[in-house]
Amino acid sequence: MKALLIRGGRVVDPASGLDAKRDVLLREGKVAAVENPGQIRAADAEVCDAKGLVVAPGLVDIHVHLREPGQGYKETIATGTAAAAAGGFTSVCAMPNTVPVNDAPETTRWMQAFERKASAHVFPIAAATRGSMGEALTDYAALKEAGAVAVTDDGKPILDDAMMLEALRSAAVLDLPVIQHAEDTRLTGGCSMNAGALAFRLGLRGMSVEAESNLVERDLELLKQVKNGHLHVAHLSTRKALDAVRAARRAGLHVTCEVTPHHFALTEERVGLYDTNAKMNPPLRAESDRAAMVEGLLDGTVDAVATDHAPHAAHEKEQEFDRAPNGITGLETALGLAISILHIRHKVPLAGVLALLSSRPAQAMGLKRGTLAPGAAGDVVAFDPADKWVFRAAESRSKSKNTPFDGWELQGRVRLTVSEGRVVFRR
Amino acid sequence: MVEIRRPSRKARKFSAPSLFQLPIHPGSAISAGDFSVAQVRQILLAADALEREDPLRRARRLAKRRVALLFYEASTRTRTSFELAAKALGADTTLVSSLSSSIEKGESLRDTGITLKALGAECIILRSPYSGAPYLLAQATGLPVLNAGDGMAEHPSQALLDLRTILQLRGIRAAAVNERCLRGITLTICGDILHSRVARSNALLLTKLGAKVIFCGPEKLLPENATEIGPGISIERDFEVALRRSQMVMMLRIQAERLAGLKIDLDDYRSRYQANAERIAACAPKAPVLHPGPIIRGMEITSEVADGPRSAIAAQVANGVPIRMALLARALKGGRR
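If you read the sequences in order, they're chains A and B. Numbers 147 to 573, taken from the numbering used here, label the letters of the first sequence in order. Numbers -19 to 317, taken from the numbering used here, label the letters of the second sequence in order.
Since the hints were derived computationally from the structure, they do not count as laboratory data. Even glycine gets a Cβ: it sits at the ideal position worked out from N, Cα and C. Warning: the hint list may mix true and false statements.
One side only, chain B facing chain A, incomplete, derived with CB under 10 Å [to be verified]: (1) S88; (2) A120; (3) Y249.
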């Protein structure tokens, strides 16, 4: 592999606190050097001019659905990671709700195989229970050995107290986080949007805030009983649940959490006239909850912006609202939304935004990624932080186009993505 | 108050359109909230004129136009009156119901709509168990869609015929319909508000014309935020208090098919919310009693009240055909392909 010299950019590496003009040399898949402009001599390297661009560690998305194995009509690991690369992501954590469920080491290995033609590093997250049925734990040691970085039953949260406690305990021994999609599904049967006046008006059944916060609070109680336990709360969407996480963090519990771009960018109003591209789980919430997500991102309670990239075929989404599946794509809009909303509107420093998209999520999942320290994986994104562009779903690299952000003007556009020293996207 | 944001033109301009950004035919009638007061007046005037018109003349208005009735849920009144209305205007009608059609084989609403359009349907009347389904059908076909009831959301033709009934009861002519014509009238809608598309459409429509609406029912069937769908709507949980404040009352059945596991103590419900002769005589002896049907005798309403002198139920049903003629004429006006 040819060495790559990324020259003349503004290097922002939140992990080391660096924010200055630097040249970056990648060699043999790793960061070889980060030096003052013009200092690096590498005659053999391909030179990439990054003048006017921000050069940062490749972004890390700890919550994506790549749909393989089993649902290649929605997305494949190849198309999903191509979308990731286009969005500046070089590491993605793949959720286990595939067909079959990723509850066995063979599946975990299959997802990481060279034949999948991934453009970003895939870190599988394995099922916490067999078949995600909530009845018997999977073999965490074997799954970790096969490459799993966490366990979860994602869309089928573990409701049984004893089972969740056992999962937290077993994972703690192996230093694995347990990720919970916090939804008390006993309270959300038939629900398709946020509970409230709008749901009443539209004649849709609503998911209450409590369906999320109750389970977060239950999980935090269980976490107290587990030595070295690590709970990661997926896609937080309500103020109440966020407050519970904040308090638990202060009390010293090892709890981390993530928020999706759509939960800090949109409210339930986006459902409009039953637009299924605004249907996801957790649902878009009220403005006060959206504002709380921004607060949590600003004050550090939230560890990561994660997309919950959930591709679905057009024919699945072009259905009655109650019948359409939950989820939207998100890999190609995350950086633009984070810059437009968190950096421009809410004045979060660029390094802070990038930390939420790289170093901090990497840390939450224990990935050795998200930094440009010499010797680290050669994962780099270079983007123009001033470029205003219009996102068009039709041009997405994802196999599916189910996004509520079609036609949105975003600021900050990826120009170059390098994964382990290899250019995987260039615009 | 909740407002529903419509897809913006700006979004449409930029994108390869998502189905949900496509326009809706202006002849559609999907939400009672969409009608302006002027439109309501026009529909009511048209209903009057069509009702009076010579049947043979009337039958030339939509002669040989094709109207499809697409029914995913059971219906007696709505289906029959839409069908009679279409036939009265001379249209050819065809009924597609979920049993006995390819819907049973798993055909989607979108594909069924496209199929009906290819068969020459110029207007589709849709009843669906799914809220919002008429928007999807309208966007998928580009045809005018008349909502014959969608899930828990809306039933605009029912609200219009209820309005016509109320105007007749008060002796208000269609030409006099304006923002204030129902001032001084309070209607209590009692029962399973949560699952009722009739309650939503009526509340949205009647309050536009100055009426006040009181929703009445137990908490499980009537959430507090129901008042936020529009101005002029309040909640009173005590049926007798609500009746005393009302000039009219509309009873609703408990929608067993939509309870989704909700448990209701029916004896308790009857004792609190049933429209029976004693209660009506004591609290609202002069109030006409409406009911969109189907009625469950002995549950929300007794036979004495349903068949009594103040019952407006038959008048409501009779108003179905003229209102639906007006909606069909409006939908197909100048829309010949």
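Checked hints:
no.: 1; hint: S88; result: holds (6 Å)
no.: 2; hint: A120; result: holds (7 Å)
no.: 3; hint: Y249; result: violated (20 Å)
Hint violations for this structure: number 3 only, all remaining hints satisfied.
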